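> Going line by line, the protein sequences match chains A and B.
With this note's numbering, the residue at position 81 of the first sequence is 81, and numbering never jumps.
With this note's numbering, the residue at position 233 of the second sequence is 233, and numbering never jumps.
It should be emphasised that the hints constitute simulated quantities derived from the structure, not laboratory data.
No experiment lies behind these values; they were computed from the predicted model shown.
Built from N, CA and C at the ideal position, the CB exists for glycine as well.
Hints are not guaranteed to be accurate.
Stated by the list, open to error - Over 10 Å on every C-beta distance to chain B, these chain A residues come out as not near it, computed from the model:
#1 Asp68
#2 Gly114
#3 His134
#4 Gly143
#5 Ile173
#6 Ala243
Claimed, not checked - Chain A regions said to be covered by chain B (calculated; three or more residues, Cβ under 8 Å):
#7 69-75
#8 80-94
#9 104-110
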Amino acid sequence: MSTLQITDLRASVAGKQILHGVNLTISSGEVHVVMGPNGAGKSTLSAVVMGKPGYEVLGGSVTLDGVDMLALPAWQRAQAGLHLVMQYPSEVPGVSLDHVMEQALIARGRSTDGLDELLEAEAARIGFAPELLHRALNVDLSGGEKKRNETLQLAVLQPRIAILDELDSGLDIDALRDCARRVEALTNDDGPQGQRLGALVITHYNRLLEALRADVIHILVKGRIVATGGPELADQLERDGYAAYAIADEPEASAPGSLDDLFAI
Amino acid sequence: MPAFSPDAVRASAPPDLDRRIAAAERAAAAAFPSAEEEVWRYSRIGELDLSAFTPGRAITTVDAPDGVHVVQGAELGDRADDADAVDLFHELNRAFMDAVVVSVPRGRAIEQPVVITHRLDAAGVAVFPRLIIDAAEDSEITVVEQFVSPDGLVALCVPRLEVDVAAAGRLKYLGVNMLGSSTWHLAHQQAFGARDSNTLLATVALGGDYARVRTEARVTGQGASTRQIALYYADANQMHDFRTLQDHAAPKTHSDLLFKGAVQDHAKSVYTGLIKIRHDAKGSQAFQTNRNLTLSSGAWAESVPNLDIETNDVKCSHASTVGPIDEEQRFYLESRGIPPEIAERLVVLGFFDEVLEQLPVGPLAAQLRELVSAKLQRKSS
Chain A
1 MSTLQITDLR ASVAGKQILH GVNLTISSGE VHVVMGPNGA GKSTLSAVVM
51 GKPGYEVLGG SVTLDGVDML ALPAWQRAQA GLHLVMQYPS EVPGVSLDHV
101 MEQALIARGR STDGLDELLE AEAARIGFAP ELLHRALNVD LSGGEKKRNE
151 TLQLAVLQPR IAILDELDSG LDIDALRDCA RRVEALTNDD GPQGQRLGAL
201 VITHYNRLLE ALRADVIHIL VKGRIVATGG PELADQLERD GYAAYAIADE
251 PEASAPGSLD DLFAI
Chain B
1 MPAFSPDAVR ASAPPDLDRR IAAAERAAAA AFPSAEEEVW RYSRIGELDL
51 SAFTPGRAIT TVDAPDGVHV VQGAELGDRA DDADAVDLFH ELNRAFMDAV
101 VVSVPRGRAI EQPVVITHRL DAAGVAVFPR LIIDAAEDSE ITVVEQFVSP
151 DGLVALCVPR LEVDVAAAGR LKYLGVNMLG SSTWHLAHQQ AFGARDSNTL
201 LATVALGGDY ARVRTEARVT GQGASTRQIA LYYADANQMH DFRTLQDHAA
251 PKTHSDLLFK GAVQDHAKSV YTGLIKIRHD AKGSQAFQTN RNLTLSSGAW
301 AESVPNLDIE TNDVKCSHAS TVGPIDEEQR FYLESRGIPP EIAERLVVLG
351 FFDEVLEQLP VGPLAAQLRE LVSAKLQRKS S
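Please build the complete structure, drawing on both the sequences and the hints.
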């Protein structure tokens, strides 16, 4: 059993504080969903937890099974078992997906025996065209193919805890269902590393939750978790919007939104 | 008897003696180039002391498949004097050259490459290889020319390449600079493409101290096309310097250029490229792309693209970039648990892949990938 513990996390981008004390605890097999309006700090949260350069941690802590993640560079956080499914995965010309997966496994000291077969099987499972396995990462891929690619990497690397940053953005309904089902299965079944995936799912929309069963819903507004509840909270949001949580002054609420977009992953 | 004088030519008694003596006399009268001249701008030509060298010969081997005609040490007569970019090094090459002429007859397509290797092994030697490639009408040929010297060997290599591709001919040339870290390289390439011909001039530069390649592709017949590509990667105190010309002298011609380079440690690189569309080259297309990675803060790269267009009805574009590795790409790979040095290697190899996959000799690409990897591992932190 693994646990990611985020405690009173405060962080800024370009001198502007975005996270004002976030608390979350996610364990193996659990699906936590963080919802919130534009500019709430959702993408900042995922970037700071994964260790993306350009973000300043002002206080608080992030630990995975007691290990201080904030003290480690991103690649060591990944090796410790954290994973980020990116909203806008980068194109990396000339670097193929299968080669990156091979290097990622070698870097973890894991065997690459059967990797080709595993990649083929995972590609088939989520409807990712197998010839794309040998092509440069994300180059000339459609939005849907990029997200299938991200989901495939998650399934191959088998992290302990994954942050899914707007997996649903830019996805058609088929791709969304394929990706969400794969993540759902990872959270239900023991992986080769002997445990189920814990997921922190960041999203705007309910439709992801039709195929991915949420255990806990958190509402993030202006850098703070303002409400936590069961799946019914998502239904309530769908009905009423964020009006009950968003504090009056709109201009300020949109300012960090534009920043968030600018620095979004 | 000064090393590069007419008397020095007489003493070596090569073929074409009179013409060589005349060239040596012109060389003796020519001014030594200076970085003040536009064509030598950014260069390290001011550091070159010719009196530290004596003319000599490289050890040249030619490996040619059946069907290709190769002549070494031939009398070239007038044709070797027939060039329009004449300077001191051109004259010295004319005076002291070792010529190899490669020709392929009309209509013949030769699949296997001709491989020519020049090895420099004597300290203080200046060598002047000249390679002439004649691709006759509707012929096809691939030629690889390698320049090799050991690290630490102080020497000067001044090669010239002359390429003539007749109507509908297809030529692929690859020059590989694997010279040692103390050898200078001053190369000049000129290619002429007749009607409907197809010419590829590829360069890989990994070696040399100061290594310059001036490469000029002129299309003289309607429908001809040229492609110039290069991979260059300088480290320590190396400098790579490229001068390119895409010269359109006939209608409906096409040229494309892709030069990709990297510099690290205290190395430098310069790319200066010109697209020239002459008055009668209507309906032509010319593209030029130069991209540079600066892998260390002490390294320096410059990119200077130029256009000179004398007619309407053409399509031209040029793009150039100089900068470090893309942070988003690096983070993406590192977020997969890949350590920084491996992520950097993947991104750099990926950057060069676009050029490597277009090189005319496939098996060489794997070897070059290894050499690039090895160079990256030598980067001082």
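> None of the hints should be skipped; say for each whether it holds.
Going down the list of hints, with the structure as the test:
1. Asp68: For Asp68 of chain A, whose nearest Cβ neighbour in chain B is about 18 Å away, the distance exceeds 10 Å, so it holds.
2. Gly114: holds (19 Å)
3. His134: holds (13 Å)
4. Gly143: holds (16 Å)
5. Ile173: holds (27 Å)
6. Ala243: Consistent with the label, Ala243 of chain A stays out of reach of chain B, its closest Cβ about 35 Å off (over 10 Å).
7. 69-75: holds (count 3)
8. 80-94: Holds: 9 residues of the stretch 80-94 of chain A have a Cβ under 8 Å from chain B.
9. 104-110: holds (count 3)
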